[in-house]
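**Q** Order-wise, the sequence lines are chains A, B, C and D. One point on numbering: in the working numbering, the residue at position 26 of the first sequence is 26, and numbering is uninterrupted. One point on numbering: in the working numbering, the residue at position 461 of the second sequence is 461, and numbering is uninterrupted. One point on numbering: in the working numbering, the residue at position 7 of the third sequence is 7, and numbering is uninterrupted. One point on numbering: in the working numbering, the residue at position 81 of the fourth sequence is 81, and numbering is uninterrupted.
Simulated from the structure, these hints should not be mistaken for laboratory data. Hints are not guaranteed to be accurate.
[Unchecked claim] Now the in silico label distances, taken between C-beta atoms and shown as ranges:
| hint | chain 1 | residue 1 | chain 2 | residue 2 | range |
| --- | --- | --- | --- | --- | --- |
| 1 | C | Phe66 | D | Asp113 | 46 to 52 Å |
| 2 | C | Glu304 | D | Arg106 | 56 to 62 Å |
| 3 | B | His358 | A | Glu56 | 52 to 58 Å |
| 4 | B | Ile4 | C | Arg282 | 53 to 59 Å |
| 5 | C | Phe66 | D | Ser98 | 55 to 61 Å |
[Stated by the list, open to error] Footprint (simulated), chain B over chain A, 3 or more residues, beta carbon under 8 Å:
| hint | region |
| --- | --- |
| 6 | 55-63 |
| 7 | 222-233 |
Where is the CB? At the ideal position from N, CA and C, for every residue including glycine.
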Amino acid sequence: MIYLMLLPILFPILMGISLLVRKEMKNRPALLITTGVSLIITALLGLLAIILARGEMLLLFNLTATLPIIFKIDNMGMVFAGMTMIVFVCAGFFSFEYMKHEQKEKRYYGYYLIVFGILMALCFAGNIITFYLFFEILTLSSMPLVLHNGSREAVMAGLKYLFYSLCGAYMALFGLYFLNKYGNTLSFSEGGVINAELAAGNIQLLLAVAFVMILGFSVKAGMFPMHAWLPAAHPVAPAPASAVLSAVIVKAGVLGIVRVVYYLFGASFLRGTWVQTAWMILTLITVFMGSMLAYREPVLKKRLAYSTVSQVSYILFGLSVMDAGSVTGGVLHVICHAFIKAALFLCAGAIIYKTGKTRVDELRGIGKEMPLLLWCYTIVSLGLIGIPPTGGFVSKWYLAVGALESGMPGFSWVGPVVLLISALLTAGYLLPVTIHGFFPGADYDYQKLQKKEPNSFMTVPVLILTVLSVLVGLFPNVLINFIQQFVTKIV
Amino acid sequence: MKEIMMLVVILLPIITGILVPLLPFKQRKHMEVFLEGLVVLNSLLVWWLLTGSQEEAFTLARFTGNLTITFKIDGMSMVFAGLVSALWPFATLYAFEYMTKEEHEKTFFAFYTMTYGVTLGIALAGNMLTLYFFYELLTLVTVPLVMHTLTREAILASRKYLYYSLGGAAFAFIGLIFIIIYGNTTDFVLGGVLDLNKIGDRTNTLLLIYVMAFMGFGVKAAVCPFNSWLPDAGVAPTPVTALLHAVAVVKSGAFAILRLTYYSFGTDFLKGTWAQTVVMLIAMFTIVYGCSRAVKETHIKRRLAYSTISNLSYIVFGATLMTPLGMMGALSHMVFHAVMKISSFFCAGAIMHQTDKHYVHELDGLGYKMPWVFTVFTISAFGLMGVPGLAGFVSKWNLASAAVESGNPVAYAGIVCLLISALLTAIYMLTIVVRAFFPGKDFDDSSIQDIKDPSWKMLVPLVIFTVFIILFGLCSGPVVSFLKDVANGGY
Amino acid sequence: MDFIQNFPFFSIILSMFSGTVCSVLPRKAARWVNTIVVSVAGILSLILLIYLIGTGESYTYMMGHFPAPWGNEIRAGILEALMALFFCIIMLLSMLGGRKKLDDEVVESKHNLYYILVNLLLSSLLALVYTNDLFTAYVFVEINTIAACGLIMIRQNGRTIEAAVRYMIMSLLGSGMLLLGICMLYDLTGHLLMSNIKESVELIMAEGTYHVPLLITIALMSVGLAIKSALFPFHAWLPDAYGYSIVSSAAMLSSLVSKGYIFLLMKIIYRVIGFDVFDGSRIIDVLFVFGLMGMIFGSLNAIEENDIRRMIAFSSVAQIGYIYMGIGMGTQAGMTASVFHILSHAATKSLLFIAAIGLTDVSGGSRKFIDLTGAAYRNKWAGVAFMVGSLSMVGVPMFSGFISKLLFAQAAVQNHGKMLPALIVLAISTILNAIYFMKTVIRIYTPVEESKYESITFKNMKLYAVTLVCFIILNVVLGISSQPIVDLIEQGLAMFA
Amino acid sequence: MGTNLFSNYGEAVAMILFVIGFTNLLLQKNLIKKIIGLNIMDSAVYLFLAEKGYINGRTVPIVVNGVQDVEAYINPIPSGLVLTGIVVSVSVSALMLSLTIRLYRRYHTLDLDEISIRLKKEGL
């Protein structure tokens with residue numbers, strides 16, 4: 001029973017490897033079926049594992065005498081896992097259509113599956129070593145997705161992604177060494193593992209270490225100052241890949257930070273220290289800067305990438321406040337942003353796939369050509385801006401309220417203000433597409449207009465994601481209660 | 001009885017080497033069988049010796065005074081001798097295939113095999129004088145290997161190698177003298193042999209001498225600023241570069257440093273002195289320097305050579321921590337790096353042998369033509385980067401945690417150096433991998449159509465090494481605990 | 001008194017007379033006489049050595065019937081006997097090894113002359129080793145000089161004559177100073193016999209009078225001998241003298257003549273002035289510094305050299321620097337190291353000279369490195385020998401050079417003031433040695449595609465090869481089982497004091 | 001000091017001569033002059049010896065009419081030394097002169113430096 005939690009990890013990885021090593025397969029359907037089936041199965045296995053093996057701990061083996069590889073499904077992991085599975089399945093099916101106009105599909109699907117498995121592993125990781133292990137492998141295995149189309153630009157972006165993430169990973173590793181000495185254990189436990197008497201006298205050192213680790217993981221989460229890779233890497237990838245990257249893989253960084261702050265060092269250890277302040281400042285800068293850059297960005301996918309930068313820092317801000325409400329908001333925003341951003345990227349992908357248009361100013365009248373898609377786009381955009389009754393609104397509400405309640409001098413109101421401004425900017429960079437799309441203006445000639453609505457492979461996933469994002473907004477209480485009950489434990 | 005065996009395992013390869021040019025072999029195959037047979041036999045003997053019960057020291061000859069040529073098996077000799085004797089048969093096997101393209105291979109194999117014996121001599125040396133003696137001898141027998149191709153740069157390189165090594169030995173010699181004068185004995189005793197009463201108020205002089213001797217032995221371990229011979233020596237045939245300049249020769253330098261630090265001067269004498277700081281800084285600088293040079297380098301073997309430089313300084317860094325843990329880390333990196341670097345060198349050799357390509361930018365797309373070689377190369381690259389689950393991670397973990405444990409601020413900085421170098425390692429190794437596997441969109445493989453993997457003689461060692469990289473990475477428990485015993489004076 | 005005690009006198013007188021006899025004998029006979037005499041002298045000193053080890057004490061031997069302080073005396077201790085034995089061996093081997101060259105390079109008529117000179121040299125060396133009388137020492141120093149000069153210029157060409165003249169001038173300066181020193185000492189003490197002088201010197205020191213004159217005397221004698229033994233910076237004459245004279249002369253000059261002077265200096269230090277007095281004077285530091293400079297600059301010159309023979313010559317400048325460094329340390333250990341280095345350097349350097357000649361022969365007689373490429377394959381024996389010599393010079397264990405390096409370093413550690421400079425210079429000069437010797441070795445072992453020179457086989461150089469083998473064995477013996485010899489040296493030095 | 005100097009002026013002169021000879025032997029270019037310098041140097045030493053050996057108011061140790069008591073004679077050894085030294089220096093100078101003649105025959109000059117320059121030209 002307990003080994004069940006290995007299945008959703010190993011199965012997709014093995015499938016992916018088998019796809020990779022197998023020689024180029026001629027008939028496309030076979031490939032698609034294999035992939036699709038394994039995606040579904042993985043998702044189901046994941047579900048099964050969550051249901052059956054929840055809360056249990058599995059010690060796989062020892063890396064060295066002191067480094068065990070442990071898997072454990074706790075609530076935080078469940079949230080991320082669920083989000084991951086949904087997005088991956090949707091994006092996967094979307095790519096069946098999208099990948100038609102790319103070569104080397106087999107390789108793409110192979111790595112796609114591997115990344116899926118590794119993300120599951122990340123969510124189920126029971127101690128920091130395991131987490132770090134898969135974190136690094138995640139970087140290595142998701143790089144091929146980035147540089148898939150092999151253009152010079154893509155390869156460069158891929159390498160950039162690789163080196164930034166590795167840099168982050170190594171910063172995290174640096175902290176790991178110290179945790180190994182000053183912590184009781186390396187496995188995640190609510191409220192932190194810092195050994196008081198060992199830590200005594202080395203507080204400053206440990207704070208520095210914590211800050212370095214936060215920075216390290218925040219590289220993946222695209223937090224300022226280590227965000228530069230994200231706008232370069234996400235857009236060059238195939239649209240479904242960028243959806244996955246932007247929606248899920250960045251969240252791996254978030255998860256890492258959550259684990260470090262709340263499960264290793266413990267909120268109590270960091271609350272009120274310079275680390276919290278510095279971290280918070282960075283997040284706010286990122287929030288603002290990200291939206292600003294997105295606002296100035298003409299290329300749609302790049303614009304979305306920048307928006308990711310800013311939105312993920314919403315989450316990080318929530319976490320940095322270390323108040324129950326704000327953390328709840330952050331975790332909730334993880335989910336909302338995942339759905340929304342995935343949907344947005346898929347839309348962008350569909351547009352590129354059908355029309356080949358990438359720049360926002362080319363998209364006039366796109367709403368006439370593919371109305372369904374653009375409606376989805378509009379709805380999720382509203383969600384991202386944070387207009388009720390979408391999910392984004394709820395999460396941001398909790399973020400802001402939490403910040404206000406936290407009563408930190410200055411930040412308690414600076415934070416919300418920044419969030420508000422950024423929300424406005426979000427509206428500023430997302431809605432123009434809708435507006436020009438639906439109201440192309442007088443000089444738009446409807447003669448040339450032909451329907452370009454993509455087939456269901458593309459529309460269905462987008463629809464699902466949109467609906468989900470709305471549902472979260474409509475019936476938030478289920479999730480919120482669930483999240484709050486375990487967040488209160490760790491904060 | 002077994003005492004004599006120590007002498008036998010040293011002399012057998014030397015005699016074999018002398019015989020090779022003299023014996024009239026009907027055809028090449030006979031020589032191969034003869035050599036491989038004897039080498040394997042010797043390795044078996046060595047292992048039999050090591051696994052056997054503890055033996056008394058065996059004194060061969062007697063110089064002036066109480067200076068003797070003595071052999072003894074203690075923990076460190078077990079590690080080094082075991083390592084060398086494990087690698088040599090494979091390297092020889094590989095050399096058979098590789099040398100088919102080179103001339104007068106008889107001389108080559110003669111010296112190649114003699115080197116085996118001499119290296120074992122270093123490993124089994126029971127006192128400083130013996131170590132010094134074989135150290136000098138090693139230089140002499142390896143020079144012909146470096147100048148094997150007899151091109152102009154080969155000769156220049158061999159000269160440089162000779163001057164550097166003999167010069168280094170000259171300074172190491174001073175250290176030897178001081179151990180003779182101020183030590184109770186010249187034999188290796190864990191914890192040092194210095195007689196503090198004899199030293200009196202001349203501690204600083206002795207520390208100065210230690211630094212001198214350290215630099216002297218450091219020449220072979222390629223610490224800054226005495227490392228420029230190593231990349232030049234890369235002109236030698238690849239089996240030499242792989243085994244000698246990644247394992248035997250350079251590791252014997254590191255080995256000598258360990259002997260000097262832990263077994264002659266003694267850690268309690270050196271620890272916390274300015275000397276320790278100096279040597280540690282040197283090591284740290286070399287770690288970073290080597291990597292950055294490797295990044296700049298475009299010739300594959302030279303790049304690997306620079307990587308060796310930095311990795312050697314990992315070992316030296318571990319040695320300079322002057323704690324049992326540090327020694328353990330040093331030893332583990334000595335073993336693991338040997339396996340990883342030799343396999344990556346063999347890959348480079350295989351590439352050169354099959355394609356006559358020497359530069360990184362020529363490798364585009366070779367990944368699919370030589371899948372085996374490049375898979376192995378990728379794995380070794382990951383290993384060198386320190387991806388968890390591979391050997392490199394373990395040794396780096398040991399080193400870094402030892403550095404943390406030592407509580408020495410300089411050592412903390414050393415950890416940073418380790419991580420920086422890990423990042424740089426990723427850069428210089430993965431650029432090769434990415435080139436090989438992702439040649440880019442518009443790449444035509446017509447030029448490399450008929451390139452394929454080398455024959456089994458080359459592949460077998462590669463695969464075996466890879467297996468070991470993974471094994472060490474996943475369950476390094478037994479090895480590490482053994483090394484820990486060694487470092488704590490067990491055996 | 002035992003009959004054996006006559007042996008020193010016999011060996012001296014024998015070689016001297018045989019020299020005169022050589023002038024009338026035919027060439028071959030002369031050669032034989034020479035060979036036999038040298039070996040006989042060797043055997044005599046060997047027996048003497050064994051005898052002395054047996055008795056364990058030195059003795060003085062009265063020449064004629066005048067007892068001290070009037071008569072002239074010979075003194076024999078273990079160290080003297082050892083030196084004599086060694087000098088004989090080296091001389092014999094160098095003669096054998098250089099015989100072929102002698103026939104090639106020197107005109108027939110001069111051969112007898114050559115043997116005369118060699119015998120004279122031997123006798124004067126033995127006298128220098130054995131004598132107990134300062135003035136006799138001076139006389140034999142001059143004889144030694146004249147003989148050496150003859151050896152240099154036996155090969156008639158401008159270079160050698162010029163070298164001879166330079167050599168003459170330098171060594172005359174030296175001997176002049178030595179003579180003056182001796183006279184002043186005689187003036188101070190009223191004695192010429194070493195033992196008596198020492199007593200009165202101790203008296204003077206005890207009274208505390210005549211310090212300055214004594215200091216001047218010491219300075220005159222040691223500097224004089226230093227000049228004669230080509231200590232840097234008085235080495236200007238050396239490269240030509242060693243570089244262009246015929247090989248056996250070069251070997252003997254480098255390994256015997258200069259060593260004879262150094263040995264005399266040691267004798268003076270111990271038996272005339274007294275070690276402590278000498279140690280107290282500034283001169284010792286001067287010698288030390290000059291030694292160090294010699295070690296560095298000799299090697300530097302050698303590195304610049306493009307001519308193998310001259311390179312080796314310059315290297316002996318460096319080696320003499322080693323010896324003086326050892327003397328300059330002013331410790332028993334340093335002195336022991338120096339004596340041992342006299343032996344090991346004698347063995348190694350003559351080996352190198354003789355090996356070098358073999359290499360140049362198979363390279364069309366050219367001594368330029370460019371022509372020597374691959375010579376070691378054309379003349380395998382010489383190649384191996386040269387390699388051994390080089391390794392020994394660089395100080396690789398198992399060869400004699402290593403042991404002397406070891407002894408020097410150990411001695412250096414005991415003298416706190418001079419430790420670091422000595423050790424560091426030792427290391428640096430080792431590196432420099434490595435640079436030029438190993439460069440040469442690599443050069444001669446670098447094969448050339450089609451050599452324009454024919455290679456030489458064992459058949460037409462039996463004697464030569466045998467000599468080389470003997471030299472190599474000598475080296476290795478000194479290198480491996482040095483302990484007994486070191487013990488002998490220490491005993492001998494003890495007998496001195 | 002001054003008085004001492006005057007009282008044994010003989011030694012002082014010997015020393016001065018020695019220095020003169022020494023410098024000549026060292027610094028003169030011309031070979032013949034060098035040799036002369038050599039001889040000056042040597043004779044200076046002999047002068048020194050003789051001076052030291054002579055005691056005022058005594059006679060040479062040669063027996064003419066019956067042996068007188070020891071006080072009558074000077075110490076014979078210095079004189080013996082001088083004689084030996086003269087022999088040595090004669091032989092040495094003879095050798096030097098012969099060498100000089102050879103060189104002159106070859107190079108028609110007595111200037112040592114010029115000779116060595118010529119040799120360099122010969123490139124022997």
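**Q** Each of the hints needs a verdict: does it hold here or not?
**A** Hints, one by one, checked against the model:
Between Phe66 (chain C) and Asp113 (chain D) the CB atoms are about 49 Å apart, so this pair conforms to the stated range of 46 to 52 Å. For the pair Glu304 (chain C) and Arg106 (chain D), the beta carbons lie near 28 Å from each other, so the given range of 56 to 62 Å is not met. A hinted range of 52 to 58 Å holds for the C-beta pair His358 (chain B) and Glu56 (chain A), which are about 54 Å apart. Take Ile4 (chain B) and Arg282 (chain C): their Cβ atoms lie about 56 Å apart, and the range 53 to 59 Å holds.
At about 36 Å, the beta-carbon gap between Phe66 (chain C) and Ser98 (chain D) misses the expected band of 55 to 61 Å. Using a Cβ-Cβ cut-off of 8 Å, 3 residues of the region 55-63 of chain A lie near chain B, which meets the minimum of three, so the contact claim holds. Taking a C-beta to C-beta cut-off of 8 Å, the region 222-233 of chain A contributes 0 residues in contact with chain B, too few for the three needed, and the coverage statement is violated.
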